[in-house]
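Chains as they are written, first to last, in the numbering used here: chain F, 45 to 457; chain R, 45 to 457; chain D, 45 to 457.
None of these hints come from the bench; they were simulated from the model. Small disclaimer: the values here were computed from a predicted structure and weren't measured. It is possible that part of the hints are untrue.
Identical copies look the same in the list; a pair holds intra-copy or inter-copy alike.
Derived DSS-like pairs (lysine-lysine); straight-line CA-CA distance at most 27 Å [to be verified]: (1) K311 <-> K437; (2) K437 <-> K242; (3) K361 <-> K242; (4) K432 <-> K311; (5) K311 <-> K423; (6) K361 <-> K432; (7) K423 <-> K361; (8) K242 <-> K423; (9) K245 <-> K432.
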Amino acid sequence: MESTALFTANNVWMMICTALVFFMHLGFSFLEIGLTRQKNTINILFKNFFVITVGLLLYAIGGFNLMYPGFEEGAAGFFKFAGWGIASPENGMTAAYADGGYTWWTDFLFQGMFAATAATIVSGAVAERIKLSSFMLFAILYVGLVYPIVGSWKWGGGFLDGMGFYDFAGSTLVHSVGGWAALVAIYLLGARIGRFDKDGKPLAIPGHNLPLAAAGVLILWLGWFGFNGGSVLSADPELTSLTLVTTCLAAAAGGVSSAIFSNILYKNYDLTMFMNGVLGGLVGITAGADQMSPGDAILIGIIAGVIIVLGVALIDKLRLDDPVGAVAVHLICGIWGTLAVGIFGELASLDQFLIQLAGVGIVGVFSVVCSFILLLPIKATIGLRVDKEEELKGLDLAEHGMDAYADFRMNQH
Amino acid sequence: MESTALFTANNVWMMICTALVFFMHLGFSFLEIGLTRQKNTINILFKNFFVITVGLLLYAIGGFNLMYPGFEEGAAGFFKFAGWGIASPENGMTAAYADGGYTWWTDFLFQGMFAATAATIVSGAVAERIKLSSFMLFAILYVGLVYPIVGSWKWGGGFLDGMGFYDFAGSTLVHSVGGWAALVAIYLLGARIGRFDKDGKPLAIPGHNLPLAAAGVLILWLGWFGFNGGSVLSADPELTSLTLVTTCLAAAAGGVSSAIFSNILYKNYDLTMFMNGVLGGLVGITAGADQMSPGDAILIGIIAGVIIVLGVALIDKLRLDDPVGAVAVHLICGIWGTLAVGIFGELASLDQFLIQLAGVGIVGVFSVVCSFILLLPIKATIGLRVDKEEELKGLDLAEHGMDAYADFRMNQH
Amino acid sequence: MESTALFTANNVWMMICTALVFFMHLGFSFLEIGLTRQKNTINILFKNFFVITVGLLLYAIGGFNLMYPGFEEGAAGFFKFAGWGIASPENGMTAAYADGGYTWWTDFLFQGMFAATAATIVSGAVAERIKLSSFMLFAILYVGLVYPIVGSWKWGGGFLDGMGFYDFAGSTLVHSVGGWAALVAIYLLGARIGRFDKDGKPLAIPGHNLPLAAAGVLILWLGWFGFNGGSVLSADPELTSLTLVTTCLAAAAGGVSSAIFSNILYKNYDLTMFMNGVLGGLVGITAGADQMSPGDAILIGIIAGVIIVLGVALIDKLRLDDPVGAVAVHLICGIWGTLAVGIFGELASLDQFLIQLAGVGIVGVFSVVCSFILLLPIKATIGLRVDKEEELKGLDLAEHGMDAYADFRMNQH
């Protein structure tokens, strides 16, 4: 009987974490529309609604069974599919599921909320110029196939798990899987009109609604309570609360570090760098949030904050155009966080570092290859990018025939 | 002693659900102001603040005792009132309340958060033209009397409960009770100036802040975790988590179905249809969220999404003006969800369907009659609608002497 | 074993409350930017990000150990410091911490989220004219030293606790500590240009985004579920749920009372008074939320609502400029709430009232003295206020070189 109460408490925690991860989609939406131009707002929101709804349905139809196929323990599983459809859990399974951690239903929904995240990361990077239909097609395939296959390698008991790779809540399995696709997509898409001058010098295209962007970051931080806290997969008091402490301290340290470092470099109190530093700290702690001391977490955050500033500059240097900084935040800090598990915390060792490095590399190659395989045919057929005219006019009018702020006068830029 | 831990876990879940249902009021606010014009923003916010604050106080003073009067089991109770005031719970009652599901206080607050919802549904439909004082008067009477009386018939153990009517979380008792009043109110009020041309052809009046409207939908979806999840009235792991799964899948299916169906009809990627489809799916699953399989939930959502598109067109056809689509979402999908309990899921049978149909009809007749009884005298005395001049100028300046966006230049429309 | 399940449920509740208190920072941000002008938006957001991130880090480095130094029981402790750094909790401490209420980590994070609040209260009052660097310096010292020292007197087991002073969740220890600093700061800063005419008559400077301000209030209300609900320091079903009921009823009563009273005085449906009334009710109930009956809570809220209206008028009369009403809400209602513990509820007695009065006075003197000690040297050296030119231009361009709403045309005022 004891188990009933503990099971109930565990399941309550996991349901709350599920709700918080769901709420991250509002954070992503606000961040993306805030950092882009008013004329593409509806388009971004449409993509976000598409990703969360279709992502959940795809995960129900096949993704869950693809990601958790029941590899034999330690098996070097590379691809396995447990079948279509979310079968109702077997009789009696609910109470016993995951050692009393939560019910089968909770597991499905928690994992389903994660699935859509990878595509949302891409959505921000390709904003303001991708063709809606092309994005939707890509998102379906990436969320429905690539994300669950990679996830199965570690969380489904596949070969990455077998070789000792550690990724607590997904610095690699979620953030860099999304980040690699974002990188490939912005490479294939090219920069927005006006983003670089004739000599390739970057010109800032300021976001149109910084309050919403800042709100997005705070909502994402809140959501990370669930993203990391729920990845404990029970309400274990010590582990969940340690995880929340490391998560919050890394976020705080990342923000402060980014703000200070960018102030030193550019003599400016840059709010967007502060915001991206917070996100970088969050992504950076995600792989090892349950393994770190508070001091480790602060160090990981500080380094993530510096990485963000350099990463954004690097992307610019490469003449890539990433309106929301998704590659610096999710890919580069995702890699950093994964490697940090081998440097800081309870698992730190050279061996672990090399395993982490291998995991980063394997997932990177697979994600990049898949992204090309999916995006190149789309580019060759229906095309990736909207017409020049549509881009200038804005996707809201061009693709949706609507204006996001009908009553307000706008500046042109 | 076991019961203490389980009771505590149950109560924690119910308190969280209460907080989430409270938060839905931000969702409603954002949705309503986002889909209407900038010049009526303060007025809408004032109404929302009024509804949540006065609604809670009314529920404390009398509504709770009206809704849960303690009918004898199975009795054909039609009207009973347990007295004024929220008496402190009897000694020892807290721990034992609702079979250890939660405390008496939690019960009061959870139910109180529901009560205000019905009036909020009306608020959106009558936006941009109703007189503030008339709305406030109507809301007081509807939330204070009509909602709890109808609620008592089922959730208070009255005659609808006795005849086997099933409404898990309120497709009928909350959403269609609000929706019927919205329908009567917009019929009596008439359309906003400029909403239909001389020949009765509908002209779109675009909302002024789509990011907030979209945020409203996502916040409402989040709130539904509590609205449906809390309606289990305990943290029972299997039932709560199944309920969250069916709720989220219906929402996702509703959105996708609405987006696809409206795209087929109107050749347009319509964000507001996508949003309303999500809401329609949520309302549709609400009556039977604990009775459905995931597949049932997806079907209910798909049908709700189609219904939303047709419903919005029907309201237009009838030359009714519902700025936020409240009638299509809350009334029509509320009816659909209630009937769906007789078609899908564990209770499905012809008998159940007929009982559901009877419940829908009885509640509908009562709600419509009450709405006329309350609104006609208001119309005849202080009037329902603001002057033409005030409507053109906007209610913010006319009724509140304030401007919601003081620093921004506006377009006229 | 029983204890494991109960401990887990308690800890889950406390983690959720921590998340909700964190989320209040979005509420404060929205409230502050909504009630000020568009040209200072980025500056306000930057301050908010600064306060939450640096506040958490300072609390980790020293604040927590300063606030909870382990005074001997009942000792008249006035200053004690447990040392630098958040030491990992001693072995076995987690499970036993706070009588199984929650883990040491949860405690740290919950208290850390509170710490930043005091500085955030100041941030709103000094908005639109304070120099960023001066604010940051002040915030570091006030959050890092003054707040934890005052907190230790009661919550750390110091002399205020020894003398029987009661402050459940911080009407005094959080809200008036912040409010006193806000009062001193706006006195030293002076009013914004254009806020009073040559004869000292107040001129309204309307906020630029009322939807965000209103959202801020609703988010703060939501956050108060955690602020007060978590201050029970366990998930005790009766106490937590009673606390939520009194909190919500006081908020509702405060809002309604403020709306009615301001309508009587000024013949206007004033949304910002409604909003501030809600906040005043929340601050007012905070000191005794676990001691009051629902009826007491409503009375405390009603009085808070009246106080808000009078308080805002008083601040104006004194020619002080508080753009968001922080002094009326946090200081005056904080005092009211603290005194109310001696008037209403289970502790009401003349003795208790006098103890409460003494506590208010002691904390007030200390906070005011500290504020002067910190602010006067800053004023004398780097200066508190931006140049006139920068103020007119707006701090966003002057201090950050950015525009919060790049695409929108603005009115000048």
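Results of checking the hints against the structure:
no. : hint          : in the structure
1   : K311 <-> K437 : between (35 Å within a copy, 19 Å between copies)
2   : K437 <-> K242 : within (21 Å within a copy, 32 Å between copies)
3   : K361 <-> K242 : within (14 Å within a copy, 54 Å between copies)
4   : K432 <-> K311 : between (36 Å within a copy, 22 Å between copies)
5   : K311 <-> K423 : between (41 Å within a copy, 23 Å between copies)
6   : K361 <-> K432 : within (24 Å within a copy, 38 Å between copies)
7   : K423 <-> K361 : within (25 Å within a copy, 42 Å between copies)
8   : K242 <-> K423 : within (25 Å within a copy, 48 Å between copies)
9   : K245 <-> K432 : within (20 Å within a copy, 35 Å between copies)
When held up to the earlier numbered hints, the structure conflicts with none and fits them all.
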